[in-house]
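Trainee: Generate coordinates for the entire structure from the input sequences, incorporating the hints supplied.
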Amino acid sequence: MARKRPLLIPGVDKKLLVKDAAKLMPDFTRRRFIAAGASLGALTLLTGCDVSDGFSAEEMLKQISKFNDAVQARIFNPNALAPTFPESAITKPFPFNAYYDLDDAPEVDGKDWKLEVRGLVDNKKSWTLDELYKLPQVKQVTRHICVEGWSAIGSWTGTPLRDFLKLIGADTSAKYCWFQCADAEGYNSPLDMETALHPQTQMTFKFADQILPRAYGYPMKIRVPTKLGFKNPKYVISMEVTNDYKGGYWEDQGYNSFSGS
Amino acid sequence: MSSLAVIDVHHAPKANVIQPAWVRIMHWINAVAVILMIMSGWQVYNASPLFSFSFPPAITLGSWLGGALLWHFAAMWLLMVNGLFYLVCGFATGRFARKLLPITPSGVMADTRAALTFKLPHEDLSKYNQVQKLLYAGIIVVGIVIVLSGLSIWKPVQLQYLTALFGGYDFARYVHFACMAAICAFLVVHVALALLVPKSLRAMIIGR
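Protein chains in written order, with my numbering: chain A, 1 to 261; chain B, 1001 to 1208.
Please keep in mind that the hints were generated in silico from the structure rather than gathered at the bench.
Predicted model, so just to flag it, every value in this text is computed and none were measured.
A few of these clues could be false.
If the Cβ cut is set under 8 Å, some of the chain B residues that face chain A in the computed set are [as the list claims (entries may be wrong)]:
1. N1030
2. A1074
3. Q1160
4. R1173
Stretch-level coverage of chain A by chain B, calculated; a stretch enters the list once three of its residues show a Cβ under 8 Å from a Cβ in chain B [unchecked claim]:
5. 58-64
6. 145-152
7. 229-236
8. 252-260
Backbone N, C-alpha and C define an ideal beta-carbon position, used for all residues, glycine too.
Mentor: Structure follows, in structure tokens:
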């Protein structure tokens, strides 16, 4: 998930570049978008949102994205399994993708690492890696689909998240499991409870039968084959069960929050 | 006397109106939706191009992937809801059957030849020639396929049977792209001909 792809060319002033780009964007296009926005605005009525205070295309798009969250939650079938594949279909090498380069990926010391558990759970004890490794694990070979459009098939092994939620006495009527990660900017992402309880949603400790390598999120990743890749956090350090929508790294920048596949 | 009056009321306006109001309204809503979908779709494509080219940012919408996806998943409602109404109206009023059928290979060949030698008459805009029939019927089919392939890319788990029908997730992206290319090619011809025969454009605005 590359970040707002910086159009960086060495020796080129970023601000000037942006100015030039803005000039390139013809005025009529902008006007047309706003005109289009006016007719699209009728759609926001479906969401029951008040757009009278300060109409803008951006605000309208945000409201429609929220409407799309609701539509996708309705479409989501908790019993529909993501297609699985034979091991021969696994994509090699499996792509590394993040807003940082591989060299800057978090380097977590597994001995010191603990999974912090917070929020609406009976047992808030933190879990060491050894303790988590003792939980029953299952393997799945599923397709990872990136918001950018590409896809790759991988093999992930770990504990179904719903088993862990049961183990810690989580309030599964809560709305979200919210994950925080170890990277410098503090990647985080909310996962709706229905998806968290999906049989294929997994606390992943292995990739291709090997201990999860640094590139894919050591020591723990949340693998969600019913969501786009950016909803599959890596280098997870904490999980909070909550009714509050706490936002997410990409979600806050405009990616649709539900982003179900 | 009275029967004559009735005939007048029913036939006089119909003879003049080439494009009824519902066709005109849906046509222009569709035009806006399609342009929004194509321009935002190009920006989405640029995030992970299928071929060795990208679309110039100046002709895309959304300024980055996240913005483009917001536009794409907003305009899709406009496209789908309007398109669905259009299909229902087209079949229910018999307009599709009346205007777009029959299409015969020999007719298409003859009218293509006539069009290329500028011998195709445009006096009666209410009757489509064979090339128009083929293109208009064809673009409706492409419109249906682009929506279905788009849904299969959007929901490859929930709609996995649809995705499988399009040859799986990765192949469905190519189908979606090919439909976009077909629509762009159609648009070039469609807009050029509307400008060449301005009264057809007028009919799509004021109805006659």
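Trainee: State for each hint whether it applies.
Mentor: Now the hints, each set against the structure:
Checking N1030 (chain B) against chain A: minimum C-beta separation of about 11 Å lies over 8 Å; hint violated. Taking 8 Å as the C-beta contact cut-off toward chain A, the hint placing A1074 (chain B) at the interface holds, the least distance being around 4 Å. Look at Q1160 (chain B): its Cβ gets to within about 6 Å of chain A, closer than 8 Å, so that hint holds up. Hint status for R1173 (chain B) relative to chain A: holds, with the closest Cβ pair at about 6 Å, below 8 Å.
Counting residues of the segment 58-64 of chain A whose beta-carbon sits less than 8 Å from any beta-carbon of chain B gives 4, enough to reach three: the coverage restraint holds. Counting residues of the segment 145-152 of chain A whose C-beta sits closer than 8 Å to any C-beta of chain B gives 7, which meets the bar of three, so the coverage hint holds. For a cut-off of 8 Å, the count of residues in the segment 229-236 of chain A with a CB near a CB of chain B stands at 0, and the three-residue condition is violated. Counting residues of the segment 252-260 of chain A whose beta carbon lies closer than 8 Å to any beta carbon of chain B gives 5, which reaches the threshold of three, so the coverage claim holds.
Hints 1 and 7 from the earlier list are contradicted by this structure; the remaining hints agree with it.
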